[in-house]
Amino acid sequence: MLEIQDLHVRFHGVDHEAVRGIDLQVADGEIVGLVGESGSGKTVTAMVIAGLLGASRAEIRGRILLDGADLLRSGVATIREVQGRDICVVFQEPMSAMDPVMRIGPQVEECLRVHTNMKKKERRELALQAMRDADLPNAEELWNKYPHELSGGMLQRVMIAAAILPRPKLLLADEPTTALDVTIQSQILALLKRLSRERGMSVLFISHDLNVVRKLCSRVAVMEKGRIVETADTEQVFYHPHSEYTKRLIAAIPTRRKIHAE
Amino acid sequence: MRRGKRLNATELTGLILTVCMVLLAVMGSIWTPYSPTAMSAAAKFAPPGWLHLFGTDQFGRDIFSRVLCGMRTTVFIALCAVAIGALAGISIGALTGYFGGWADELLMRFNDALTAFPSILLALVFIAVLGFGKYNVILALGVAFIPSFARVSRAEFARHREMTYVKSARLMGASHGRIMFRHILPNTGSVLLPALVIGFNNAVLAEAGMSYLGIGVKAPDVSLGYMLSESQSYMMTAPWYVLCTGLTIVLLILGVSLIGEGLQKRGRA
Chain A
1 MLEIQDLHVR FHGVDHEAVR GIDLQVADGE IVGLVGESGS GKTVTAMVIA GLLGASRAEI
61 RGRILLDGAD LLRSGVATIR EVQGRDICVV FQEPMSAMDP VMRIGPQVEE CLRVHTNMKK
121 KERRELALQA MRDADLPNAE ELWNKYPHEL SGGMLQRVMI AAAILPRPKL LLADEPTTAL
181 DVTIQSQILA LLKRLSRERG MSVLFISHDL NVVRKLCSRV AVMEKGRIVE TADTEQVFYH
241 PHSEYTKRLI AAIPTRRKIH AE
Chain B
1 MRRGKRLNAT ELTGLILTVC MVLLAVMGSI WTPYSPTAMS AAAKFAPPGW LHLFGTDQFG
61 RDIFSRVLCG MRTTVFIALC AVAIGALAGI SIGALTGYFG GWADELLMRF NDALTAFPSI
121 LLALVFIAVL GFGKYNVILA LGVAFIPSFA RVSRAEFARH REMTYVKSAR LMGASHGRIM
181 FRHILPNTGS VLLPALVIGF NNAVLAEAGM SYLGIGVKAP DVSLGYMLSE SQSYMMTAPW
241 YVLCTGLTIV LLILGVSLIG EGLQKRGRA
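Chains A and B are the protein sequences, given in the same order.
Once you know that position 220 of the first sequence is 220 in the working numbering, the rest is easy, because the numbers rise by one and skip nothing.
Once you know that position 19 of the second sequence is 19 in the working numbering, the rest is easy, because the numbers rise by one and skip nothing.
Chain A with its partners taken away, still in its complex shape (with noise of 0.2 Å):
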């Protein structure tokens, strides 16, 4: 579905490469998790996937292929029709992601209103059924709301909302959950493990947690300076991993044993 060859950024007016070089598959329906710590390129790679990184900014090379069709050689009108429909984004600051001066239902129907020539009332029933999917079963009363009467976590699952009204293929989750607290996180978890199964739709999910992404990912990809260093299926990256850098990452999950060390 999504299949990442050869992938190298270079920001612009920078020596080294911020990505250097990753391949990186994700199949239909699956949950990837792409972990590493800060700086090691992994939302690079998701700007550059969404198309958030132009070249304005960044050398890019490498492909990336969405159902076979290379997503960096494709026009900006392709590109377009791709964002926001078959690729779509969850960020980690659902406050942040939001716009603070307008209402929650215009903005979770906006990409229909962006890509298609539905009428006002069959949006706000597609989004109004997109909110109740991502489990706020008041979704009328919050619909004229703005975003600060709202809680982080409801504010992430109208981020979720709006990010599966269009059915993408694709959803590209950066550090979705980092923002909120640990009961909400496993809700959000739940909550986008059973929107892949149901929906059919891939996941790639980014994070630094790896607690996290064991409870969510069937695989998991870790990023060190720029490269994938393992790709492997989570359980097997728990118990067997491959490089130094993934067993220093499994180390440094604090556990109940090493905090009553300290």
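Check each hint, because a few of them may be wrong.
What the hints assert, rightly or not - So these bits of chain B aren't anywhere near chain A, every CB distance computed over 10 Å: (1) F59; (2) M163; (3) L171; (4) Y234.
Unchecked claim - Subject to a maximum C-alpha distance of 25 Å in a straight line, what follows is the list of computed SDA-like cross-link-like pairs (lysine to any residue): (5) B:K167 with A:T234; (6) A:K193 with A:T234; (7) A:K119 with B:H176.
Stated by the list, open to error - So the derived list for chain A, only partly shown, Cβ under 8 Å to chain B, looks like this: (8) C88; (9) F91; (10) V114; (11) A251.
Don't read these hints as lab results, they were simulated from the structure.
Each residue gets a CB set at the ideal place from its N, CA and C atoms; glycine is no exception.
Using the hints, position chain B against chain A.
Frame of chain A, contents of chain B only:
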């Protein structure tokens, strides 16, 4: 980000004052106690009284009626000038701030050059080229106001361009125009609104200044600035003339300033 909906004391005072002044200005265009141009040799320099609320001027014209008329002209000129300046300035600022690049550099350096001139001087050049009259004053002031609006809105658009909600709108496939005007513009309200209000005040003062210098409106049109410049010759014989005109300008500006100040406080909160 939560902002109170209730007006604070500053805004309330300003609002009441402004509404009163605007009502008077509107009244001036419908009804005045006397014709603003009717002369009366018998009533030259009559002091304020029941017959003439603000007294009369050197031709025996009723100052209150003239103040009402003048206020209408002044408010009209200020509103139009701000509208021109804001429309052009915010459009330029939006485009340059949002897109950046060399066009941004070029326009902003040009803007710096324009800012180097005092706006009244710039307006003076315009009048010299275009000639006198109410509409030329509007045009001159409007153009003179473009740089400041462009600067303020450019900074805001450049700041918001990098925010996640803009990226997210972009990802949903929203066009540049839609992002600029549907998403960013409403978010810049807390900065642009006070700028508009302050701009209005500056326009009132600039109009008064221009008329005072004799490059503003021409008779039979009457504006507050025009009256002020006329009244200074009779400051000793008819002090009510200059006082009533000057106080009207002060009250008009005070009201609007208070609103502006209240809005700014709100933006900071």
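Checked hints:
1. F59: holds, 53 Å
2. M163: The assertion about M163 of chain B is violated, with a minimum of 6 Å to chain A.
3. L171: Not fine: 5 Å to the nearest Cβ puts L171 of chain B too close to chain A.
4. Y234: Non-interface label on Y234 of chain B holds, nearest chain A Cβ at 52 Å vs cutoff 10 Å.
5. B:K167 with A:T234: Status violated; Cα separation ~31 Å.
6. A:K193 with A:T234: holds, 15 Å
7. A:K119 with B:H176: holds, 22 Å
8. C88: The hint holds - C88 of chain A has a Cβ within 8 Å of chain B, the shortest such distance being about 7 Å.
9. F91: holds, 5 Å
10. V114: Interface hint status for V114 of chain A: holds (4 Å vs cutoff 8 Å).
11. A251: violated, 33 Å
Checked against the numbered hints listed earlier, the structure breaks hints 2, 3, 5 and 11; every other hint is satisfied.
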